[in-house]
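Participant: The listed protein sequences correspond, in order, to chains A and B.
Going by the working numbering, the first residue of the first sequence is number 46, and it counts up by one from there.
Going by the working numbering, the first residue of the second sequence is number 520, and it counts up by one from there.
Since the hints were derived computationally from the structure, they do not count as laboratory data.
None of the values given here were measured: they were computed from a predicted structure.
Backbone N, C-alpha and C define an ideal beta-carbon position, used for all residues, glycine too.
Keep in mind that the hints are not guaranteed to be accurate.
Pairwise CB distance ranges, derived in the manner of DEER restraints [what the hints assert, rightly or not]:
(1) A:N333 <-> B:K661: 47 to 57 Å
(2) A:P345 <-> B:W665: 45 to 55 Å
(3) A:R181 <-> B:Y851: 23 to 33 Å
(4) B:S679 <-> A:R181: 51 to 61 Å
(5) B:F721 <-> A:E182: 51 to 61 Å
(6) B:T524 <-> A:R68: 45 to 55 Å
(7) B:T621 <-> A:D199: 54 to 64 Å
(8) B:Y851 <-> A:R196: 51 to 61 Å
(9) A:A139 <-> B:F721: 48 to 58 Å
(10) B:I858 <-> A:R196: 51 to 61 Å
(11) A:E182 <-> B:L598: 51 to 61 Å
(12) B:T524 <-> A:P311: 52 to 62 Å
Computed footprint of chain B on chain A, listed as stretches where at least three residues anywhere in the stretch have a Cβ under 8 Å from a Cβ of chain B [to be verified]:
(13) 81-94
(14) 163-177
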Amino acid sequence: MLDDKKKPLVQVRNLKMHFPIHRGILKRQVGAVKAVDGISFDIFEGETLGLVGESGCGKSTVGRCVLRLYEVTDGSIEIDGTDIATLSGEELRAKRPEMQMIFQDPQASLNPRMTVGSIISEPLDEHRKMTKTEKREKVGELMDAVGLARRFADRYPHEFSGGQRQRIGIARALALNPKFIVCDEPIAALDVSIQAQVVNLLEDLQEKYGLTYLFISHDLSMVRHLATRVAVMYLGRLVELGDSETLYMNPKHPYTQALLSAVPHPDPAQAGNIDRVILEGDVPSPANPPPGCTFSTRCPQAQSICKQDSPEWREIGEGHFAACHFIE
Amino acid sequence: MLNFTLRRLMYTIPTLLLISFIIFIVLDLAPNDPTGNLPLTIPPEVRAKIRASLGLDAPMYIRYLLWCQQFFINEPLNLFNEWFGWCIGDCEGRLRVTSWATRSPVVDLIAERMPQTLWVVGMSYVVGIMIALPIGVISAYKQYSWFDQFGTLIAMIGFSVPTFFTGVLLIVIFSVWMPNDSFFWLPSIYDTTLDVVDWDSFVKQMRQMIMPVMVLALYNAAQISRFMRASMLDNLSQDYVRTARAKGLKEKTVLLVHVLRNSMIPVVTVIALGIPQVFGGAIITEQIFKVNGLGQLLIIGIQGADIPLVQTLTFLFAVLIVLFNLVADVLYGLLDPRIRYD
Chain A
46 MLDDKKKPLV QVRNLKMHFP IHRGILKRQV GAVKAVDGIS FDIFEGETLG
96 LVGESGCGKS TVGRCVLRLY EVTDGSIEID GTDIATLSGE ELRAKRPEMQ
146 MIFQDPQASL NPRMTVGSII SEPLDEHRKM TKTEKREKVG ELMDAVGLAR
196 RFADRYPHEF SGGQRQRIGI ARALALNPKF IVCDEPIAAL DVSIQAQVVN
246 LLEDLQEKYG LTYLFISHDL SMVRHLATRV AVMYLGRLVE LGDSETLYMN
296 PKHPYTQALL SAVPHPDPAQ AGNIDRVILE GDVPSPANPP PGCTFSTRCP
346 QAQSICKQDS PEWREIGEGH FAACHFIE
Chain B
520 MLNFTLRRLM YTIPTLLLIS FIIFIVLDLA PNDPTGNLPL TIPPEVRAKI
570 RASLGLDAPM YIRYLLWCQQ FFINEPLNLF NEWFGWCIGD CEGRLRVTSW
620 ATRSPVVDLI AERMPQTLWV VGMSYVVGIM IALPIGVISA YKQYSWFDQF
670 GTLIAMIGFS VPTFFTGVLL IVIFSVWMPN DSFFWLPSIY DTTLDVVDWD
720 SFVKQMRQMI MPVMVLALYN AAQISRFMRA SMLDNLSQDY VRTARAKGLK
770 EKTVLLVHVL RNSMIPVVTV IALGIPQVFG GAIITEQIFK VNGLGQLLII
820 GIQGADIPLV QTLTFLFAVL IVLFNLVADV LYGLLDPRIR YD
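Take these sequences, add in the hints, and give me the full structure.
Facilitator: Have a look at this one:
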């Protein structure tokens, strides 16, 4: 693509995640919530792929599927050459150190009965053979790396502030020297003042350890700042994927255009000049998505073809993909 | 935590005094007569003399204060005398809380009956917990599986079928229908005089304990397994469990270290709160299997209007309930680092 020397670390192909719906006395399956419905993308080594979309479009589900925290319905997820979608129990566990996740809610994602030290060192017990002193040293290093004082190791998560808890979550994710980290809205639960600190920390760590991120967020400006490339999701499908600058300057898909036009302008004098694309109606239910293009019910440019044929996912520019009938 | 415990212990003193007074009033207001079981040929004036000799002619508050003196001062002094040989005050002529029916000190009666109750009812509690915890864990982990459905059914039966039915049912099956020479035949009467001295008498003791223990264990297990299951389900869906899986821990570690430990917090409290019932004995089950424990003692006391006995036993149960409430609170604080009492 842009640079042939870059090789993809993560290759996702036709990923599907359908959650069955059971109803009635006999709990028969009457349908499925198509949270993720056939998406494909690559993540190159050392880059940050931003994944944006509105609430409920399946962003977090993609993140969890990519790490096999869910049993995926269909598709393949190759991380560093291994298809983890089909790995079983022990093989998958052995692969876990390479891929980690930073969770959205830093309060709920830490075990309330474990001290910070044991939260961070637990993966080491499981995957590394280390003596007690080595482990303590490693925990200390990790806490230094994320900017937490070492003396906090014996405290419990509830004694920390939100930002500090997220740092604990990051230290835990880094414990096994992963290559690939899924950041599932890591800043959504934090104060704005703390968000910047955590984002800067993530950037520093990426530089220091050569990490690859899948950064899931609904904060478009933060993604623009952080991501190398950006993927836009709507109702379980990708609608556009491209280089961060290209996509923000020149969005092709009508949904991306609408989404970006909703970003507030920092200069109030300029704010009035933006052409807002306002979408009508609600997001359809993922249990019963509209036929054809899923966006056709709200798209300002929709034609009759949109309601019949699902648009193909195709390359429209160099490394720029989109799914729309009308993009040249 | 120590301050909290001491403060709470101080609060228990007025609470318990109030409870003892309420028990006394209720017993006094109850229309019972300690001479009621005596032959009808005894003339009324003799009955009045008997009542006077029991101290029943004194006003209620005098009798209450006398009981307080006997129970809170004389009984502890007597215990000191018996255990350590310290004699404080008048050791020989001291008035103890005495049963009207048997004329022996109530505390001695309780000490006699305590071992049977602890063995049978206590064992049933332990067995119940040991059955309930794994059932609760597995039912939650495999929610809506056939195991879970079956567990729910058993729990519902254990919960809703009273012990006087299950007890009699077991007796009919294992003592009546089962041939006497069969290995599975079990005695329907608990023999308190049995001394465990060798293997044979131990086996005999086990055999006579099985039925009462299982009847009560089914009931306890039904309750605790439901609590365990609910608490596990609550924790299984928490985010930190996903974190634990993402760490690449073994499923066993995720379940036993992360989920189970957090789920045990409310369950341990429930178990602690249930312990006073063990001491209280299981009145009905002890009656069915003729275990002469505390429950049976209470029944006899109530039937004979033996007020000092009933008053003392009921008050001791109240003490245990108040104490184990405190124990449950302290345990909660120890197990959950988020809870601090200071």
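Participant: Each hint should be assessed against the structure and marked as holding or not.
Facilitator: These are the hints, each one checked on the structure:
Taking the beta carbon of each, N333 (chain A) and K661 (chain B) are about 30 Å apart, not inside 47 to 57 Å as hinted. Checking the proposed 45 to 55 Å range against P345 (chain A) and W665 (chain B) shows it holds: the Cβ atoms sit about 53 Å from each other. The hint said 23 to 33 Å for the Cβ distance between R181 (chain A) and Y851 (chain B), and at roughly 30 Å that hint holds. Restraint check, S679 (chain B) to R181 (chain A): a C-beta distance of roughly 54 Å satisfies the suggested window 51 to 61 Å.
Taken as a hint, the range 51 to 61 Å holds for the pair F721 (chain B) and E182 (chain A), whose Cβ atoms sit roughly 55 Å apart. Taking the beta carbon of each, T524 (chain B) and R68 (chain A) are about 52 Å apart, inside 45 to 55 Å as hinted. The beta-carbon spacing between T621 (chain B) and D199 (chain A), approximately 59 Å, falls within the hinted interval of 54 to 64 Å. A beta carbon spacing of about 28 Å between Y851 (chain B) and R196 (chain A) contradicts the range 51 to 61 Å that was offered as a hint.
Distance hint check for A139 (chain A) and F721 (chain B): the Cβ-Cβ separation is about 50 Å, which falls inside the suggested range of 48 to 58 Å. Taking the beta carbon of each, I858 (chain B) and R196 (chain A) are about 23 Å apart, not inside 51 to 61 Å as hinted. Distance hint check: the CB atoms of E182 (chain A) and L598 (chain B) are about 57 Å apart, consistent with the given range 51 to 61 Å. T524 (chain B) and P311 (chain A) have their C-beta atoms about 57 Å apart, which keeps the hinted 52 to 62 Å range intact.
Counting residues of the region 81-94 of chain A whose CB falls under 8 Å from any CB of chain B gives 0; the rule of at least 3 is not met. Coverage of the region 163-177 of chain A by chain B holds. Counting CB-CB distances below 8 Å, 4 residues qualify, and the rule asks for three or more.
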